[in-house]
Amino acid sequence: GAVVSQHPSWVICKSGTSVKIECRSLDFQATTMFWYRQFPKQSLMLMATSNEGSKATYEQGVEKDKFLINHASLTLSTLTVTSAHPEDSSFYICSARALRGGPTDTQYFGPGTRLTVL
Amino acid sequence: GQQLNQSPQSMFIQEGEDVSMNCTSSSIFNTWLWYKQDPGEGPVLLIALYKAGELTSNGRLTAQFGITRKDSFLNISASIPSDVGIYFCAGQAGTALIFGKGTTLSVSS
Numbered sequence: 011g012a013v014v015s016q017h018p019s020w021v022i023c024k025s026g027t028s029v030k031i032e033c034r035s036l037d038f039q040a041t042t043m044f045w046y047r048q049f050p051k052q053s054l055m056l057m058a059t060s061n062e063g064s065k066a067t068y069e070q071g072v073e074k075d076k077f078l079i080n081h082a083s084l085t086l087s088t089l090t091v092t093s094a095h096p097e098d099s100s101f102y103i104c105s106a107r108a109l110r111g112g113p114t115d116t117q118y119f120g121p122g123t124r125l126t127v128l
Numbered sequence: 340g341q342q343l344n345q346s347p348q349s350m351f352i353q354e355g356e357d358v359s360m361n362c363t364s365s366s367i368f369n370t371w372l373w374y375k376q377d378p379g380e381g382p383v384l385l386i387a388l389y390k391a392g393e394l395t396s397n398g399r400l401t402a403q404f405g406i407t408r409k410d411s412f413l414n415i416s417a418s419i420p421s422d423v424g425i426y427f428c429a430g431q432a433g434t435a436l437i438f439g440k441g442t443t444l445s446v447s448s
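Quick mapping for you: the protein sequence lines, in order, are chains A and B. Note that our numbering has the first sequence beginning at 11, numbered continuously upward. Note that our numbering has the second sequence beginning at 340, numbered continuously upward.
No lab work stands behind these hints: they were computed from the structure. C-beta: ideal position from N, C-alpha, C; glycine also. Any given hint might turn out to be false.
Cut-off 20 Å, straight-line C-alpha distance, at most; resulting in silico cross-link-like pairs (PhoX-like, lysine-lysine) [claimed, not checked]:
hint: 1; chain 1: A; residue 1: K76; chain 2: A; residue 2: K65
hint: 2; chain 1: B; residue 1: K409; chain 2: B; residue 2: K390
hint: 3; chain 1: A; residue 1: K65; chain 2: A; residue 2: K30
hint: 4; chain 1: B; residue 1: K440; chain 2: A; residue 2: K51
hint: 5; chain 1: B; residue 1: K375; chain 2: B; residue 2: K440
hint: 6; chain 1: A; residue 1: K51; chain 2: B; residue 2: K375
Residues on chain B that point at chain A, a partial pick, calculated with CB under 10 Å [unchecked claim]:
hint: 7; residue: L343
hint: 8; residue: P347
hint: 9; residue: M350
hint: 10; residue: S366
hint: 11; residue: T370
hint: 12; residue: Y374
hint: 13; residue: A429
hint: 14; residue: G441
Chain A is faced by these chain B residues, among others (derived, beta-carbon under 10 Å) [as the list claims (entries may be wrong)]:
hint: 15; residue: L372
hint: 16; residue: G379
hint: 17; residue: E380
hint: 18; residue: V383
hint: 19; residue: L384
hint: 20; residue: S421
hint: 21; residue: G424
hint: 22; residue: F427
hint: 23; residue: L444
hint: 24; residue: S447
With the sequences and hints as input, model every part of the structure.
What follows is the structure, given as structure tokens:
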């Protein structure tokens, strides 16, 4: 149980185009999903917290107009990188919080999406 | 953003040896988590700690939640080649996770 999928697993795009990444919780409902970015040999940095049915909360320094997040259902959140540039190339990882209503709510991570912007 | 101090940054050990890594923070956390990440994949949860002083094991892995709630350690006993990877600690206060910079473990057989 507690499986999170991401699609696509990798994508290459031209500079200036937009890319959409999907994050799905396959066997549980997640009212909260998180989007992280990880550069090579670095740690995961939280970009935004996505709550179902409401606007995402972005971390300081993350442009909300560039990284559009939609959390339309309890099992799906999408991240759209708009007008992508080479510096946006990174490993994007989502996580979903299994809702059990207490401090033991655990985040389960997806396998990540490798974005390369040419 | 805020990060935890995780050490060592990397370790090179022989198969069968024990390993220890730790994380410290200037902030108090309610939950400490340890993840393992293989190249090109997302982190996989190894151990979750919810109470100060808690000592929890998962097979050959043992982790403890520091009494001050500002630190945690992870021990791996009798390492095997498949233990290779990057280990991250993460502290949780509220819903967000703050990750350490990772410990890269290499195991030679």
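>> A closest beta-carbon separation below 10 Å is what the hint needs, so does E380(B) meet it against chain A?
In response: holds (5 Å)
> Minimum Cβ distance from Y374(B) to chain A below 10 Å?
Replying inline: Given a least distance of 8 Å, the restraint on Y374(B) holds.
>> Given the hinted pair K76(A) and K65(A), is their Cα-Cα distance within 20 Å?
In response: Holds, at roughly 14 Å.
>> Let's test the interface hint: is any C-beta of chain A closer than 10 Å to that of L384(B)?
In response: With a minimum Cβ separation of about 7 Å from chain A (threshold 10 Å), the hint on L384(B) holds.
> Hint check: is the beta carbon of A429(B) less than 10 Å from a beta carbon of chain A?
Replying inline: OK, holds: A429(B) within 10 Å of chain A, min 8 Å.
> Holds or violated: is the Cβ of F427(B) closer than 10 Å to a Cβ in chain A?
Replying inline: holds (7 Å)
> Do the numbers back the hint for S366(B), that is, is its least Cβ distance to chain A under 10 Å?
Replying inline: violated (15 Å)
> Does the nearest C-beta of chain A fall within a distance shorter than 10 Å of the C-beta of M350(B)?
Replying inline: Where the cut-off is 10 Å and the nearest Cβ of chain A is about 15 Å from M350(B), the hint is violated.
>> Next item in the hint list is G441(B). Is there a CB on chain A closer than 10 Å to its CB?
In response: holds (6 Å)
> Are K51(A) and K375(B) close enough, with their CA atoms no more than 20 Å apart?
Replying inline: holds (14 Å)
> Hey, does the S421(B) contact hint survive, CB to chain A under 10 Å?
Replying inline: violated (18 Å)
>> Under 10 Å is the threshold here; is the Cβ of L444(B) close enough to any Cβ of chain A for the hint to stand?
In response: violated (14 Å)
Of the hints listed earlier, those the structure fails to meet are numbers 8, 9, 10, 20, 21, 23 and 24, in rising order.
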